[in-house]
Structures are given as C-alpha cells and as structure tokens.
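Visitor: First to last, the protein sequences are chains A and B. Just so we're aligned: the first sequence equals residues 1 to 108 in my numbering. Just so we're aligned: the second sequence equals residues 1 to 112 in my numbering.
Mixed in with the good hints, there may be bad ones.
[As the list claims (entries may be wrong)] Using 25 Å as the maximum straight-line C-alpha spacing, the simulated SDA-like pairs for lysine to any residue come out as follows: (1) A:LYS26 with B:SER59; (2) A:LYS95 with B:ASN50; (3) A:LYS95 with B:ASP26; (4) B:LYS65 with B:SER84; (5) A:LYS95 with B:LEU73; (6) B:LYS7 with A:ARG41; (7) A:LYS95 with B:THR17.
[Unchecked claim] One side of the interface only, derived from the structure: several residues of chain B facing chain A at Cβ under 7 Å: (8) SER42; (9) LEU43; (10) GLU96; (11) ARG100; (12) PHE103; (13) GLY104; (14) PRO105; (15) GLY106; (16) LEU109.
Because the hints were derived from the structure by calculation, they are not lab data. Just so you know, even glycine gets a beta-carbon here, dropped at the ideal spot from N, CA and C.
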Amino acid sequence: SQQGEEDPQALSIQEGENATMNCSYKTSINNLQWYRQNSGRGLVHLILIRSNEREKHSGRLRVTLDTSKKSSSLLITASRAADTASYFCATGGQKLVFGQGTRLTINP
Amino acid sequence: SAVISQKPSRDICQRGTSLTIQCQVDSQVTMMFWYRQQPGQSLTLIATANQGSEATYESGFVIDKFPISRPNLTFSTLTVSNMSPEDSSIYLCSVEINVRQYFGPGTRLTVL
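Please model the complete structure; the sequences and the hints are all you need to start from.
Guide: See the structure below:
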C-alpha cells in the first residue's frame, strides 16, 4: 500500500518562480528520498534526508523533514522549464514505498 | 553509483502472450527490485530478486504471473505472463547502493 500522500497532485507555475511540494507518510522512517521522473521514464534520485536531519540542500533543491508531523517538503527555487516532471517522495529503505507524486509544469 | 539498463525500452503485446524484461547493472549487487507503475499512478514494488534464491513477492503479486530470474549479481529478468490490458504499465528495476536506490530507464508495456 502507498505510504502517504503528496500535495498538490499537480502544480503549474511560471519559470523563475519557486515550487513547493509536500509529502506525508504514515510509519516511522530512517530516511526519506525524493525522486524526479521525466515523461514516464526512469526515476532520478534527487536527495535523501535522514530522520535526524531537519533540512538539506542540493543546488536549487531544499528538502525539509518534520518527523513529528510525518511530513516532508521539497522546494525548487528559480524554476526552469527543464524542471517539468513528476516528483515522488519515497520511504522504506530497500523496499521503497512511494507517494502519489506531484506533476510539476513550468511555463516559459 | 550504478548504471542500469533495461530491455526492451517499450513493447506492444497481444493479450495472452508473455514478455520478458531484462535488467542489467554495471556493478554486483545483492538485491535487485522490480516495480510497476500503472498509467498515471505511482510506483509499486512487485518483488525483490536475490541471487541464488527465489524472489520475494509483495502482497498482490504472485510468481506465476511475474516469474523472476536472478542468474548472477548483475542481471535479472521479470516476465509478465498471460498478459491482459490491465498489465499495461511501466516496469522498472532498481538496485540499492549506499542507502540510495538507482532505477533503470523503465520498460513501457502496452497490452492490446
């Protein structure tokens, strides 16, 4: 069964704006991962945040984790057209359980 | 890191037939994972393939429908048997290295 929910399910913004996606999960975790999927192809690993971390940065990506609320957020700053993709959070270690995903569209 | 390839990248098949998907990784790994992504949906784990032992299937997936082979530490196959249109999905393999999971490019299957 799916671990949790992501919201929004779809997000459309203008190029240059920031995009924020949220993920909730149900069970305790050791870490949470975010992935990007372009056009229904393979997944690209973006970032992993451990349960003892609250925030992590990678380039234009910022991920936060609130274990008390069982939630995480992914912020993409200064969005580009190439950021158009689906974004998934996943928990579970080796056997990943994915959220429903957010379809992000960046309009030029 | 890991580089993973899958064959075929896509296929269109007739109902009742079977398709075998290959997954090749560029390093030796203990476990390989197979996921299914139905149209417009998220990914669901089908099974874990261990070298030298039978695959472990998740709830809702059975060996007769999705037989898996794992002949060595760099290769695995997933067969989708007796296909129906409901099997139309993207099938992805993955491996875990240093906590991170790496995914293949996926096989897009359409069953008519």
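Visitor: If you take the shortest Cβ to Cβ gap from B:LEU43 to chain A, is it below 7 Å?
Guide: With a minimum Cβ separation of about 5 Å from chain A (threshold 7 Å), the hint on B:LEU43 holds.
Visitor: Need the status of pair A:LYS95, B:THR17: alpha-carbon distance at most 25 Å?
Guide: violated, 29 Å
Visitor: How about B:PHE103: closest beta carbon in chain A under 7 Å, or not?
Guide: holds, 4 Å
Visitor: With 7 Å as the cut and Cβ atoms as the points, is B:ARG100 at the interface with chain A?
Guide: holds, 6 Å
Visitor: Assess, step by step, whether the Cα of B:LYS7 is no farther than 25 Å from the Cα of A:ARG41, and give holds or violated.
Guide: holds, 13 Å
Visitor: Given B:PRO105 was flagged as interface, is its beta-carbon under 7 Å from a beta-carbon of chain A?
Guide: holds, 4 Å
Visitor: With a cut-off of 25 Å on the C-alpha distance, tell me whether A:LYS95 and B:ASP26 pass.
Guide: Within the cut-off at roughly 21 Å; holds.
Visitor: Is the interface hint satisfied for B:GLU96? The criterion is a beta-carbon contact with chain A at less than 7 Å.
Guide: holds, 5 Å
Visitor: Compare the distance between the alpha carbons of A:LYS95 and B:ASN50 with 25 Å, and conclude whether the hinted pair is satisfied.
Guide: With Cα atoms ~13 Å apart, A:LYS95 and B:ASN50 stay inside 25 Å; holds.
Visitor: Mind checking the CB of B:SER42 against every CB in chain A and telling me if the closest is under 7 Å?
Guide: Holds: closest Cβ of chain A sits about 4 Å from B:SER42, inside 7 Å.
Visitor: A closest beta-carbon separation below 7 Å is what the hint needs, so does B:GLY106 meet it against chain A?
Guide: At about 5 Å, which falls below the 7 Å cut-off, the nearest Cβ of chain A leaves the hint on B:GLY106 intact, so it holds.
Visitor: Are A:LYS26 and B:SER59 close enough, with their CA atoms no more than 25 Å apart?
Guide: holds, 18 Å
Violation of the numbered hints given earlier is confined to hints 7, 16; the remaining hints are satisfied by the structure.
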